[in-house]
Amino acid sequence: MEYAFLTWQIPYIGAILALLLNRAGKARDVIAMLAIFGAAVASTFTLQEVLASEEAIHISYPWIKSLGVTFGVYVDSLAAVMALIVAWLSFLIAVYSLKYMEGDPGLTRYWFFFDFFVGSMLLLILADNLVLMFLGWEGTGLASYALIGHWYTDEDERCVGDIGRKALGVPMWFPPSHSGLRAIVFTRLGDVGFIAGIGAIYYFTHTFSIPQIAHMVGEWAGPLAHAGLLFPFLLIFSLGAFAKSAQFPFHEWLVTAMTGPTSVSALIHAATMVKAGVYFLLRFSPIFVLAAHEIPAAEPQVHAFFTTVALIGGFTAFFMATQALVSRELKLILAFSTASQLGYMFLALGAAGLITEFPMGFLAGFSHLMSHAIFKAALFLVAGAVIHVVHSRYIDDMGGLWRAMKWSFLAMSLAALSLMGVPPFMGFWTKDTIIEVAKESGVFLGYLFGVVTAGLTAFYSTRMVIRTFLYEKSENVIHAEEHHHLHEAHPLMLIPYLTLALISLLVGLVWPVYGPQILGVMVSNVLGIHEEFHPHVELNLGLLVTSLSMVFGGILVAVGLYYTAGGRRALKSMRENPVGRALHDFLYDRWYINSIYYIVIVGGFAWLSRVIYRYFDSLIVDGFYHRFIPWLTEKLSVLGFKYFETEVIDETYHDRIVRLFRAFGSYVRRLQTGLINQYLVTFFIGLLIVLFLLLWVG
Amino acid sequence: MEMVIWSLMVLLGGVGLVVPTLDYLKGTKVSPYLALLATALAIPLVGSLIGRSGTLFDGTIRVSPLATYLALVATVGAFLVTVASMVQARNWSTSPSLYSLLLLALLGVYFVLYVNDASVLVAAWALVAVASYVLVGIRKDEDSLEATAKYALMGVASSSLLIFGIALVLGVIRTSTFQVLNSVPLGVRTTLLLGILMLVAAFGFKLGVVPFHGWLPDVYGGAHPLIVSFVAGVIKLISIGAFLRVLQPLIPAVADEWFIIMAFLSVITMFYGNLAALVQRNVQRMMAYSSIAQAGYFLIAFAALAYADSRSVALQGIGLHVTTYVLAKVGIFVGLAYFARKGFDLTLEGLSGVGRKLPLSGTFMAILVLSLMGMPPLLGFWSKFMYIFYSVMNVAPWLAFLGIVNSGISVGYYAQVIRYLFFADPPEREVREVESDLEVYVLTVTAVLTVLLGLGLVDALVAALS
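Residue numbers (my numbering), protein chains in the order written: chain E, 1 to 698; chain H, 1001 to 1466.
If you are wondering where the hints come from, they were derived from the structure by calculation, not from laboratory data. Just so we're clear, the structure is a prediction, and the values are computed from it rather than from any experiment. Beta carbons: idealized from backbone N, C-alpha and C, even for Gly. Check each hint, because a few of them may be wrong.
What the hints assert, rightly or not - For lysine to any residue, the following SDA-like pairs were computed, each having C-alpha atoms within a straight-line distance of at most 25 Å:
| no. | chain 1 | residue 1 | chain 2 | residue 2 |
| --- | --- | --- | --- | --- |
| 1 | E | K65 | H | R1174 |
| 2 | H | K1357 | E | M101 |
| 3 | E | K65 | H | Y1307 |
| 4 | E | K65 | H | A1308 |
| 5 | H | K1357 | E | L693 |
| 6 | E | K65 | H | R1052 |
| 7 | E | K65 | H | L1452 |
| 8 | E | K65 | H | V1462 |
| 9 | H | K1357 | E | W151 |
| 10 | E | K26 | H | T1363 |
| 11 | E | K65 | H | S1064 |
| 12 | H | K1357 | E | A24 |
| 13 | E | K65 | H | L1066 |
| 14 | H | K1357 | E | P105 |
| 15 | E | K65 | H | A1460 |
| 16 | H | K1357 | E | E102 |
| 17 | H | K1357 | E | T108 |
| 18 | E | K65 | H | T1363 |
| 19 | E | K65 | H | R1311 |
Stated by the list, open to error - Sample of chain E residues lacking proximity to chain H, with all beta carbon distances greater than 10 Å (derived):
| no. | residue |
| --- | --- |
| 20 | F37 |
| 21 | S66 |
| 22 | L235 |
| 23 | H388 |
| 24 | R403 |
| 25 | V452 |
| 26 | H490 |
| 27 | L494 |
| 28 | L506 |
| 29 | F533 |
| 30 | P535 |
| 31 | L539 |
| 32 | E576 |
I would like the entire structure built from these sequences, with the hints used as guidance.
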């Protein structure tokens, strides 16, 4: 049976049904949700099939024959496990959405793009060729654009950032419609690299098929390596992955993507979209390593690529975690945290390419992707429920909610402990392996970032839980309590996130026993990994002490600062201190990078466009025509005067022609067709330029 | 085959010449219907030539599959514009002339596409050119007149270059039919190059190639959007046809120089079009600059024609991208005309929330814009990325890369259009799509074709092209 096809097709069918059932209300929502359930079931069967056959499933049909593009799936253990995670998580988020989005006026649009999103993500995971993968890839981008901008009416409470706040003169608040645009423009920037890379590979191998590309690795990596171009090529090819996974310097879009409904944030951050970039690296890094093994000349360049990935990942982890320290918006803390955790995954995959046992690093990244997907989905879903209850996205308007929302408090605490990497939660095991791999890789800076970030993560997660649930009640909460607005979330919302939080604990508990087995399944037949690998779970004592002391240090500092009277006094004085203030603003305004982008890149482009538009058309051409030519005529007539010293010629030549030229110019200008002479001049000058170019080259 | 050509001449020329006279003199209103009938009948007539090739009329006309394909696209485009005009031009006092010119221009387009002899080229080119100048000014308002004056003045310049260029080229090849020229004596090489260059300028003018583009933003941005849909979607094909028929045979003799000229022009054209489009607030004007950018993409494919191993993909790319382009531009400009008729201002802010008030046309408009952007799996993705950009990958990867970068820049403005159509508050007043809005049908046809062709029929198209 072709379950793999069904896995990605059912959500697309669900999307179309959602559109057709436009007026069906609840039925539409349930059907759209059931489509995701269908995908989840199909993905389970697919995994079963892959495990049973012990070989990758590869089914393909001809599609665009003239290009050799096929319509097919390639499912190895990587794709199967990934599809399983994505489909089941999306299903839980869909169940949550049933209640969370209830009563929204744009539900048809919501469900259409929700299913479309999941279908595209599954397509990009299961596709057997680059073109089909790119199709899914762009589909996720388009759907995210629509979902992030879902509340297009741009009310203040839907924005991200403090209304009115500016950094370096650039506004730091983003309405949904603007955020959607940012998401598509930022990720499209990276896609330019992706599609260029696809073209280059096609040029060398004349195929788009991913397994073919792995087999023919020498044919494309060889010539590139010998030309010294393999390193830039790998970077360009992976540019799309960096952008999609919000790695520095493409991280900005993810932060503002928080303007979407919280269920969408959970979908984007846990299951789809940002994981696409990590998946890309999981899919192709074994092939890159293969290139390094097969072609001696490629080795240093592949090495350089993986070092870059590790450094960017490590830096992103650290850099985004610092911004989470001071953020006041609940969802924004989680967004920073996502980018930071994605940095960990990139660090793992970068390190994987540098160590002798590649599969170990590969599994570190892959398993962290899985554990992050679970706890981050839980965290976002809790955040959605809390924001729903207190009607504010700011943690300043929360506090003391634990009594009213006990189960939510439990879920968030469990998930946050997993995020912090506290044993025995799942996040502990997976994050520790990453730090271990990073240490082994020899990229010391990456390792250092990894360790420091562990402490920062513990701090901001603890701060988040305290400020939301344990801190003294804010006026907003007291007000809500008086009006009996505080309540536990609806079971349809509560059950998904509580389940996820519990899974995160339970899997962690059994990890020492079943971990090797789970990891064994994940790596059992991955494209490009040929050597036998037997995963094992063990703890490195020295490393354990380092990372746990960072984690508990972070927790203690956060508790001390936010949960004791002395700590709050210290916080207050820190805020009043000018240095503390400056540091806070620096972090709060996201290292001013957003402002710099707007000033340099957006401003620069606008400037360039305007210059081209205005000056090329008016100043240069106009200047040429209205200044240079009359001037030239005048000079020529002066010259002429010397040779024809008769009065008639003098008058005609010197006065009349100059006047005629000027008069003609202003006459045509007055005709409203003033620009036509410029156009014609451009026309002929352009022709002359091309002519000269041709004579010069030819 | 001669019969088919004769029938087309009688059908389009006859109806085009007789109908307005009738309408103006007798005061009847039959021209829209007859024009619709004529363009509809022309579709199967042109269709009957599919896959056939041969020379007709003593070698002055040559039928080939690619030319027939382009002619078919042009006919469908003209038919769709005619459909839209039934509502749009209903109250124009000059509407009989509009239909007459539409038909005559379409006839001229066929002859340019099938041209095999210099005399036919000059005659057909003049027919289309003059018809298009009048078409642009047909509304007789200030913007149209300004646009038409500029168009005509620049047209005169380019037509004189056309004559001059043809004279030079014919002097070298010593025959008036366009035949493949594999090599050329060294002494006349410069003459030939000069001739080619003048023809490039003349044809490039119609295509909107920088620096011969000056008129284009004013015409596409200033004339009535319905007229623009015809000028941009149908008439533009003559420049592509002329490139293929007149210049392509000469390329082998001057391959390297040809590549340099095309590559240079394509780079400046793409960058100019895309960057200038970024700052436009008027969507109609933005689409005008987007047309310039698209001309740049065509030039990449023309550049790829220089070498044997990239030629066949490039030809397929041109055919496919013409389809993308015609469907998108006819649909978008008809859509803009529709929005204008519904009382929307054609600026970005003016189009706020149109997609919410007019959901069908808004969605189809978005699909067409996404196709131009190159979003998979729409037709524009295949034609732009997979055929045009990749055609040049073998010979000049850097040019392909610059194309891809430009495509990335273009997202900046295309996404703006979609953002305003959907992610903005619609105006308070009551507007709805009703069944008599023929423009919506045009949008439907163009968008559905764009999706279907992209989903896999693209292969059938490629087969038809080669």
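Subject >> Hints that the structure is at odds with (numbers, increasing) >> reply: Hints 1, 5, 18 and 21 are the ones this structure does not satisfy, whereas the remaining hints hold.
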